[in-house]
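Chemist: Sequence:
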Amino acid sequence: MTYLLDANVFIQAKNLHYGLDFCPAFWDWLIDNGAGGRVLSIDKVADEIAAGADELNDWMRERGHALFLRTGVSVAAQFGAVSTWVTQQQYEPAAISTFMQVADFYLIAHALADGHVVVTHEVPANSVKRIKIPNVCIGLGIRFMTPYEMLRRERARFVLGR
-15 MTYLLDANVF
-5 IQAKNLHYGL
5 DFCPAFWDWL
15 IDNGAGGRVL
25 SIDKVADEIA
35 AGADELNDWM
45 RERGHALFLR
55 TGVSVAAQFG
65 AVSTWVTQQQ
75 YEPAAISTFM
85 QVADFYLIAH
95 ALADGHVVVT
105 HEVPANSVKR
115 IKIPNVCIGL
125 GIRFMTPYEM
135 LRRERARFVL
145 GR
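When we follow this note's numbering, the leftmost residue of the sequence shown carries the number -15, and every step to the right adds one.
Keep in mind that the hints are not guaranteed to be accurate.
[To be verified] Here are the simulated DMTMM-like pairs of lysine to aspartate or glutamate, each with C-alpha atoms no more than 20 Å apart in a straight line: (1) Lys113 x Glu76; (2) Lys116 x Glu32; (3) Lys113 x Asp98; (4) Lys113 x Glu138; (5) Lys116 x Glu133.
[Said to hold, decoys possible] Ranges between beta-carbon positions, derived for each pair: (6) Asn(-1) x Arg137: 21 to 29 Å; (7) Phe6 x Arg136: 19 to 27 Å; (8) Gly20 x Met84: 12 to 20 Å; (9) Pro108 x Ala78: 16 to 24 Å; (10) Ile15 x Thr55: 16 to 24 Å; (11) Gly125 x Glu39: 31 to 39 Å; (12) Arg47 x Lys113: 35 to 43 Å; (13) Thr55 x Gly123: 16 to 24 Å; (14) Ala34 x Val143: 39 to 47 Å.
Note that these hints are calculated values from the structure, not bench results. Built from N, CA and C at the ideal position, the CB exists for glycine as well.
Please work from the sequences and hints to get the whole structure.
Modeler: Printed below as a string of structure tokens:
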């Protein structure tokens, strides 16, 4: 199983539970599992992280750059399926336009193209004003889970000392 991480996984980890300054084991776990091809993200998520111009961006540039897949031909071939599903729902035009321009659209296309499990903090919502990743995953038959589910499933352990 390969996990594909949403930007909010990185951002909330940095801001809340796994700060780069006090929980380096989480970030090392990402690097180790990224090297093994089990935990990845995408170039558009990297762009969102880079916009922050903070210590997370520094970490990504220095150590995490290999985690971020490029959007290739096989992914682009899924753009139509994602956009067709989204436009056939009851979302407001502004919500559709926004979704098609952000990393979420590309994240879903990557997952669809390669059978990845999407990892996000988002939860399904019945809003017509904002398109949530889990709603699209459900609609397109893509597995998704929270970062905590991924960490438990992978039996990640961040233990102090030996």
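Chemist: Compare the structure with each hint and give your call.
Modeler: Cross-check of the supplied hints:
At roughly 6 Å between alpha-carbon atoms, lysine 113 and glutamate 76 fall within 20 Å of each other, so this suggested pair holds. At most 20 Å may separate the alpha-carbon atoms for a hinted pair to count; lysine 116 and glutamate 32 meet this at roughly 17 Å. At roughly 29 Å between alpha-carbon atoms, lysine 113 and aspartate 98 are farther apart than 20 Å, so this suggested pair is violated. With a C-alpha separation of about 34 Å, the suggested pairing of lysine 113 with glutamate 138 is violated against the 20 Å cut-off.
For the suggested pair lysine 116 and glutamate 133, the alpha carbons sit about 18 Å apart, so the restraint of at most 20 Å is met. Roughly 23 Å separates the CB atoms of asparagine -1 and arginine 137, a value that falls within the hinted 21 to 29 Å. Remark: the range hint 19 to 27 Å for phenylalanine 6 to arginine 136 is upheld by a beta-carbon distance near 21 Å. In this structure the supplied range 12 to 20 Å is violated for glycine 20 paired with methionine 84, their Cβ-Cβ distance being about 32 Å.
Between proline 108 and alanine 78 the beta carbon distance is about 20 Å. The supplied range of 16 to 24 Å therefore holds. For isoleucine 15 and threonine 55, the Cβ-Cβ distance of about 22 Å falls inside the hinted range of 16 to 24 Å, so the restraint holds. At about 37 Å, the CB distance of glycine 125 to glutamate 39 agrees with the hint of 31 to 39 Å. Hint check: arginine 47 to lysine 113, Cβ distance near 37 Å, so the stated range 35 to 43 Å holds.
At about 21 Å, the CB distance of threonine 55 to glycine 123 agrees with the hint of 16 to 24 Å. Look at alanine 34 against valine 143: about 32 Å separates their beta carbons, and that is not inside 39 to 47 Å.
Hints 3, 4, 8, 14 from the earlier list are contradicted by this structure; the remaining hints agree with it.
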